[in-house]
Amino acid sequence: MIGDWFGNWLEFMSHGENIAFSLLAVVIISGAVFMINMTRVVHMVVSIAAVFLGLGGLYVLLEAEFVAFVQVLIYAGAVTILMVFGIMMTRYGGQEEQQQGRPLANALLLVGTIGLFLAIFFAIQNSLFPGGEALLSGEDNTRAIGQAVFAKYVIPFELVSVLLTVAFIGAIVLAKREEE
Amino acid sequence: MDNILPSYLILGAILFCIGLYGALSKRSAIIVLLSVELMLNACNLNLIAFSKFGVNPSLGGQIFSLFNITVAAAEVSVGIAILIMLFRRKGTSDVTDMDAMKH
Chain A
819 MIGDWFGNWL
829 EFMSHGENIA
839 FSLLAVVIIS
849 GAVFMINMTR
859 VVHMVVSIAA
869 VFLGLGGLYV
879 LLEAEFVAFV
889 QVLIYAGAVT
899 ILMVFGIMMT
909 RYGGQEEQQQ
919 GRPLANALLL
929 VGTIGLFLAI
939 FFAIQNSLFP
949 GGEALLSGED
959 NTRAIGQAVF
969 AKYVIPFELV
979 SVLLTVAFIG
989 AIVLAKREEE
Chain B
40 MDNILPSYLI
50 LGAILFCIGL
60 YGALSKRSAI
70 IVLLSVELML
80 NACNLNLIAF
90 SKFGVNPSLG
100 GQIFSLFNIT
110 VAAAEVSVGI
120 AILIMLFRRK
130 GTSDVTDMDA
140 MKH
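As you go down the protein sequences, you meet chains A and B in turn. For the first sequence, the residue numbers in my numbering are 819 to 998. For the second sequence, the residue numbers in my numbering are 40 to 142.
Check before you lean on any hint, since a few could be wrong.
Where chain A lies over chain B, by a calculated footprint (3+ residues, C-beta under 8 Å) [stated by the list, open to error]:
no.	region
1	47 to 59
2	80 to 87
3	93 to 103
4	110 to 117
5	120 to 127
A few chain A positions that, by computed beta-carbon distances, are all more than 12 Å from chain B [what the hints assert, rightly or not]:
no.	residue
6	I820
7	D822
8	W823
9	F824
Here are the computed distance ranges between Cβ atoms for each label pair [stated by the list, open to error]:
no.	chain 1	residue 1	chain 2	residue 2	range
10	B	G99	A	S979	14 to 22 Å
11	A	V929	B	E114	22 to 30 Å
12	A	S979	B	M137	25 to 33 Å
13	B	R128	A	H833	53 to 61 Å
14	B	D133	A	F830	43 to 51 Å
15	A	K970	B	R128	40 to 48 Å
16	B	M137	A	G964	37 to 45 Å
17	B	D133	A	L928	35 to 43 Å
18	B	M137	A	A925	19 to 27 Å
19	B	M137	A	L946	41 to 49 Å
Hint data in this document are derived by calculation from the structure and do not stem from the laboratory. Positions of the beta carbon are idealized from the N, C-alpha and C atoms, including for glycine.
Using the sequences provided together with the hints, build the complete structure.
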């Protein structure tokens, strides 16, 4: 049993891509767990920046280079900095609460979350994923995405631009200091 | 190489569950927003993994993950604006104090 598992693990680790996947997965999961367990809010934002960078590495591994760099720019750059600004603007001591206060609710929540994870895990283990041929190897990913966005997905693209404008105006209107 | 797709899906499930736990248990509203971002990122990871290793691999997964990133950025900007306004009104960023629409 253990030897079988270990042999599977050695076989899994014999590909360079799998080693890179494992390292990035360790970075991502530990960053997320640190994000949950840290006490200072700024440390939480730094650890979730590690999660975003690790996900960008995984996207490079999945041959989605454009999405990887968008991820680094938008998430690791913009969203993280915006969160830091939000913390600076709404600072009330900079500490997450010391006393959790609701141990029963948190324990139930933990059980429920683990149950959800187990359900997804067994669903994934029990389903078959027939592998298609690998897509896009050696192709120009950014050019292909641009052609698809402006030909096939042009209406969602325009709708997203409208959505961004609405969110932009809404954020300004909400955060504007009202004078009375 | 054999199929690595379930590994990506399980990593996405772990990220989603951690994000769900954080979003429901934390009291600082900034951390709740960050946990929602974590869940959206898990969704993006699944989309991109299926766009490479799925039954019918195509670019659609990557394009929809781009749309997803855009929507998440809009959500974060509006969420931070609401938080700043609420902090200015009530002087707190604790989600348990945000019960003005409760009664």
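Tested hints:
1. 47 to 59: Check passed, 12 qualifying residues.
2. 80 to 87: holds (count 4)
3. 93 to 103: Satisfied; 9 residues make the cut.
4. 110 to 117: holds (count 8)
5. 120 to 127: holds (count 7)
6. I820: holds (20 Å)
7. D822: Holds, since 16 Å exceeds 12 Å.
8. W823: Label holds. Min Cβ-Cβ 15 Å, cutoff 12 Å.
9. F824: Nearest chain B Cβ is 17 Å from A:F824, so the label holds.
10. B:G99 to A:S979: 14 to 22 Å: holds (19 Å)
11. A:V929 to B:E114: 22 to 30 Å: Holds - the Cβ-Cβ distance for A:V929 and B:E114, about 29 Å, lies within 22 to 30 Å.
12. A:S979 to B:M137: 25 to 33 Å: holds (31 Å)
13. B:R128 to A:H833: 53 to 61 Å: holds (55 Å)
14. B:D133 to A:F830: 43 to 51 Å: holds (44 Å)
15. A:K970 to B:R128: 40 to 48 Å: At roughly 45 Å between Cβ atoms, B:R128 and A:K970 fall inside 40 to 48 Å, so the hint holds.
16. B:M137 to A:G964: 37 to 45 Å: Holds, since B:M137 and A:G964 (Cβ atoms, about 42 Å apart) stay within the stated range.
17. B:D133 to A:L928: 35 to 43 Å: violated (21 Å)
18. B:M137 to A:A925: 19 to 27 Å: holds (24 Å)
19. B:M137 to A:L946: 41 to 49 Å: For B:M137 and A:L946 the Cβ distance comes to about 45 Å; the hint holds.
Of the numbered hints listed earlier, the single one contradicted by the structure is hint 17.
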